[in-house]
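For what it's worth, this note's numbering labels the leading residue of the sequence shown as 1, then goes sequentially.
It cannot be assumed that every hint is accurate.
[Claimed, not checked] Calculated cross-link-like contacts (lysine-lysine; reagent style DSSO-like; alpha-carbon spacing at most 27 Å):
#1 K59 - K126
#2 K146 - K131
#3 K126 - K146
#4 K5 - K146
#5 K111 - K92
#6 K131 - K5
#7 K111 - K95
#8 K131 - K59
#9 K59 - K89
#10 K5 - K89
#11 K126 - K5
#12 K111 - K89
[As the list claims (entries may be wrong)] The calculated label-pair distances, taken between Cβ atoms and stated as ranges, are:
#13 T66 - E128: 26 to 32 Å
#14 T66 - E141: 34 to 40 Å
#15 R22 - Q179: 28 to 34 Å
Because the hints were derived from the structure by calculation, they are not lab data.
Cβ atoms here follow ideal geometry from the backbone N, Cα and C, with glycine treated the same way.
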Amino acid sequence: MQTGKLIVLTGPSGVGKGTLLRSLLQRYPRLVLSVSVTTRSPRPGEVEGRSYFFVDRNKFQRMIETEELLEWTEYTGNFYGTPSIPVIKNIKQGKSVILEIELQGARQIQKTFPDALRIFVLPPSKAELEKRLRGRGQDSEEAIVKRLQRGTEELEAAVEFDIQLMNDNLEDALQNLDQILFHFRE
Numbered sequence: 001m002q003t004g005k006l007i008v009l010t011g012p013s014g015v016g017k018g019t020l021l022r023s024l025l026q027r028y029p030r031l032v033l034s035v036s037v038t039t040r041s042p043r044p045g046e047v048e049g050r051s052y053f054f055v056d057r058n059k060f061q062r063m064i065e066t067e068e069l070l071e072w073t074e075y076t077g078n079f080y081g082t083p084s085i086p087v088i089k090n091i092k093q094g095k096s097v098i099l100e101i102e103l104q105g106a107r108q109i110q111k112t113f114p115d116a117l118r119i120f121v122l123p124p125s126k127a128e129l130e131k132r133l134r135g136r137g138q139d140s141e142e143a144i145v146k147r148l149q150r151g152t153e154e155l156e157a158a159v160e161f162d163i164q165l166m167n168d169n170l171e172d173a174l175q176n177l178d179q180i181l182f183h184f185r186e
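Please build the complete structure, drawing on both the sequences and the hints.
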């Protein structure tokens, strides 16, 4: 049996990673989405075990101590991480697993899974990134400002990744992602 592939999708908050990922998973149900663990509260419409596994800080700390996470980071006051067991199990079964994670986590994955395909999603501009963040209507002004500051720093890290994918037009970005994942030969 062929071993699967680990695919890392990252970029600043509001760049459209989630939208790209949802569309990609609809087109290619054979892809497996890794569900992250977080200490933040659920947003409206998020479902336990599908959107995230929502845990308290004590449980998250135990997961770090028992090495149950492939990567983890703190972002805007909350912790996020990737449970290792389901990812490794799916890859061993020959499935491609996608992680939608934050920059620090993606950097950790580079060390633990050097063969992972790492994709950085770029906004067409910083102004568009701000427009998208504000358009979500999910964050306070303080959170938006923090996300924009962090996003500016994260954009500088795009060159560290195997692929930089511009998300200017959803359909174009999806076609490019399709080429990268299924038609690109090294």
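key: Straight-line alpha-carbon gap K5 to K89, limit 27 Å   = Distance ~12 Å between K5 and K89 Cα, so the pair holds.
task = Given the hint that K126 pairs with K146, test it: the Cα-Cα distance must not exceed 27 Å.
result = Judged against 27 Å, a Cα distance of about 14 Å means the pair holds.
ask   = Are the Cα positions of K126 and K5 separated by 27 Å at most?
value = violated (32 Å)
Pair hint outcome, K59 versus K126 [Cα-Cα no greater than 27 Å] = violated (36 Å)
ask   = Quick one, are K111 and K92 close enough, alpha carbons at most 27 Å?
value = With a Cα-Cα distance of about 19 Å, the restraint between K111 and K92 holds, given a limit of 27 Å.
ask   = Taken at face value, is the distance from the CA of K131 to the CA of K146 at most 27 Å?
value = holds (14 Å)
query = Given the hinted pair K111 and K89, is their alpha-carbon gap at most 27 Å?
reply = Given that 27 Å is the threshold and the Cα spacing comes to 19 Å, the pair holds.
key: Hinted pair K111 and K95, Cα distance within 27 Å   = holds (21 Å)
ask   = Is the straight-line distance between the alpha-carbon of K59 and that of K89 27 Å or less?
value = With Cα atoms ~22 Å apart, K59 and K89 stay inside 27 Å; holds.
message = 34 to 40 Å was suggested as the range; check whether the CB atoms of T66 and E141 agree with it.
response = Between T66 and E141, where Cβ atoms are some 38 Å apart, the hint holds.
message = 28 to 34 Å was suggested as the range; check whether the CB atoms of R22 and Q179 agree with it.
response = Since R22 and Q179 have Cβ atoms about 19 Å apart, the given range 28 to 34 Å is violated.
task = Just tell me: holds or violated, for the beta carbon distance of T66 and E128 against 26 to 32 Å?
result = violated (41 Å)
The structure shown violates the earlier hints numbered 1, 4, 6, 8, 11, 13 and 15.
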